[in-house]
Amino acid sequence: MRHQRRRLTAVAVAVAVIAALAAACSSAPPGPPVLTWYINPDDGGQAEIAARCTAASGGRYSIVTSTLPRQASEQRQQLVRRLAANDSSIDIMSIDPPYVPEFAQAGFLAPMPPAVEAAAREDRVPSSIEASTWQGRLVVVPFWANTQLLWYRKSAVAQMGIDMNAPVTWDQIIQAASRARTQIAAQGVRGESLTVWVNALIESSGGSIITNVGEENPELVQLGLNAPPGLEAARVLQTYGDAGVAPPGFPTADEDTNAESFQSGSAAFMVNYPFIWGKAKSAVEEGTLPQSVPDDYGWTIYPRTSPDRPSAPPLGGINLGVGAFSNHPDLAYDATTCITSPENSAYYFVSNGNPSSRISVFSDPEVVAEFPMAPTIRDSLTQAAPRPQTAYYAEVSGGIQRTFHPPDAVVPGPTNEAATALITAVLRKEALL
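The sequence shown runs -22 to -1, 1 to 411 under mature numbering (1 follows the signal peptide of the UniProt record, and there is no 0).
Hints were generated in silico from the structure; no laboratory data involved. Quick caveat: nothing in here was measured; it's all calculated off a predicted structure. Glycine included, each C-beta is placed from N, C-alpha and C at the ideal position. Some hints here could point you the wrong way.
Unchecked claim - Okay, derived cross-link-like pairs now, EDC-like style, lysine to aspartate or glutamate, Cα gap no bigger than 20 Å in a straight line:
#1 257 <-> 20
#2 257 <-> 234
#3 259 <-> 274
#4 132 <-> 238
#5 132 <-> 273
#6 259 <-> 238
#7 257 <-> 274
#8 132 <-> 149
#9 257 <-> 238
#10 259 <-> 21
#11 257 <-> 21
#12 257 <-> 233
#13 259 <-> 233
Claimed, not checked - Taking CB as the label site, the calculated pair distances span:
#14 259 <-> 396: 39 to 47 Å
#15 184 <-> 253: 28 to 36 Å
#16 100 <-> 10: 25 to 33 Å
#17 396 <-> 52: 42 to 50 Å
#18 253 <-> 399: 35 to 43 Å
#19 197 <-> 243: 47 to 55 Å
#20 100 <-> 270: 38 to 46 Å
#21 67 <-> 190: 30 to 38 Å
#22 45 <-> 230: 21 to 29 Å
#23 389 <-> 321: 45 to 53 Å
#24 390 <-> 265: 43 to 51 Å
#25 63 <-> 266: 41 to 49 Å
#26 329 <-> 93: 26 to 34 Å
Produce the complete structure using the sequences and hints provided.
Structure, rendered in structure tokens:
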């Protein structure tokens, strides 16, 4: 009994000590709120901006980052799962533009304060505002905006008799590449990049994959794939495939694969994002690529589908959403204003190669020195068209990827009809992807 009493006394003392420590901790002054920013993978730029904005907050909050998967579809999937469970840890999230309507329609985004909205509209390229809007409201803050350019090897094109200082069409570059027995590097892999290509071709012809954007009832969504612009897009893909200008392994080629084809000189043309410039410069610095290679790079606006109509280049990038279940939505929105400031936007462009959504950044001397094609990127973003703005984007994109792959086997008419039938059935819950 004596030993038992001693043990009980010892336990009581330990409990008392823990209780006292807990009381002392609870009475300590709390630190500033910690905001979690779910970011897409990059070269450390978002983490640096988080540190900058933590310092700039003057102790009102701190920002930590949590990295999402690399693929945009997987980023969406992880965020949707968490938000569907009312996860309060999501204060700020980097969202790929086509998923914005889905997040807004589901109630996953906190309402944007008027002052933040006014600031978010300032100095932005029009396409980034369009991709941040749902049902007439700005629901996310434009962060960076990306677009594809038409890249070409100047030495190869000089022998082709094609004027790259004037707008060019897909038919022109296909014919030029075929005559010269060279390649046009494009993304043929079954993935989001294929939807990007199809959408750009259709929009460049004056059409849209979805003709009644904003429709909330999936059974009432109307598709424009069978309309003349959709058939013209399919014709361009068929022409590309028949001309023999696709690189080897085209059905699995992604942006990185194409960058290698273009860098090696096997492809004289390429449609791709500006990251390929930084990739070449890094290789030069590492001593694995001669300076003469990037010196041979030329660039211009994305090819036209129709000769009499300006192209509608692809729009990518990232927008910042504030989670509807965040415990600190006002602070999170304040942080988005800091994250997207001109200074941080220019830093992110120069350091990570991701173009800004701000017009003024493209004339920043440091940006132009690092990216001499910055004015062309700005012009491309001015013409760019978002992918279909719908709460059911995942279903629409999945249907296009299923039916338009491989793109060099597309047949105008039957492919368009197959895509329309599949997407319609999926939206009506009559089929699964």
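For each hint, the structure was consulted:
1. 257 <-> 20: 13 Å, holds
2. 257 <-> 234: Distance of about 10 Å is within 20 Å: holds.
3. 259 <-> 274: It holds: about 12 Å lies between the C-alpha atoms, which stays within 20 Å.
4. 132 <-> 238: Cα-Cα ~17 Å, so holds.
5. 132 <-> 273: 9 Å, holds
6. 259 <-> 238: 13 Å, holds
7. 257 <-> 274: Judged against 20 Å, a Cα distance of about 14 Å means the pair holds.
8. 132 <-> 149: Satisfied, since the Cα-Cα distance of roughly 19 Å is no more than 20 Å.
9. 257 <-> 238: 10 Å, holds
10. 259 <-> 21: Since the Cα atoms of residue 259 and residue 21 sit roughly 15 Å apart, the hinted pair holds (cutoff 20 Å).
11. 257 <-> 21: The given pair, whose Cα atoms are some 12 Å apart, holds under the 20 Å limit.
12. 257 <-> 233: Answer holds: residue 257 to residue 233 is near 12 Å, not above 20 Å.
13. 259 <-> 233: 17 Å, holds
14. 259 <-> 396: 39 to 47 Å: Taking Cβ atoms as reference, residue 259 and residue 396 lie about 43 Å apart, which means the hint holds.
15. 184 <-> 253: 28 to 36 Å: 29 Å, holds
16. 100 <-> 10: 25 to 33 Å: 27 Å, holds
17. 396 <-> 52: 42 to 50 Å: 26 Å, violated
18. 253 <-> 399: 35 to 43 Å: 36 Å, holds
19. 197 <-> 243: 47 to 55 Å: Since the Cβ atoms of residue 197 and residue 243 sit about 50 Å apart, the hinted range of 47 to 55 Å holds.
20. 100 <-> 270: 38 to 46 Å: With Cβ atoms ~42 Å apart, the hint holds.
21. 67 <-> 190: 30 to 38 Å: 36 Å, holds
22. 45 <-> 230: 21 to 29 Å: 26 Å, holds
23. 389 <-> 321: 45 to 53 Å: 51 Å, holds
24. 390 <-> 265: 43 to 51 Å: Holds - the Cβ-Cβ distance for residue 390 and residue 265, about 47 Å, lies within 43 to 51 Å.
25. 63 <-> 266: 41 to 49 Å: With Cβ atoms ~46 Å apart, the hint holds.
26. 329 <-> 93: 26 to 34 Å: 29 Å, holds
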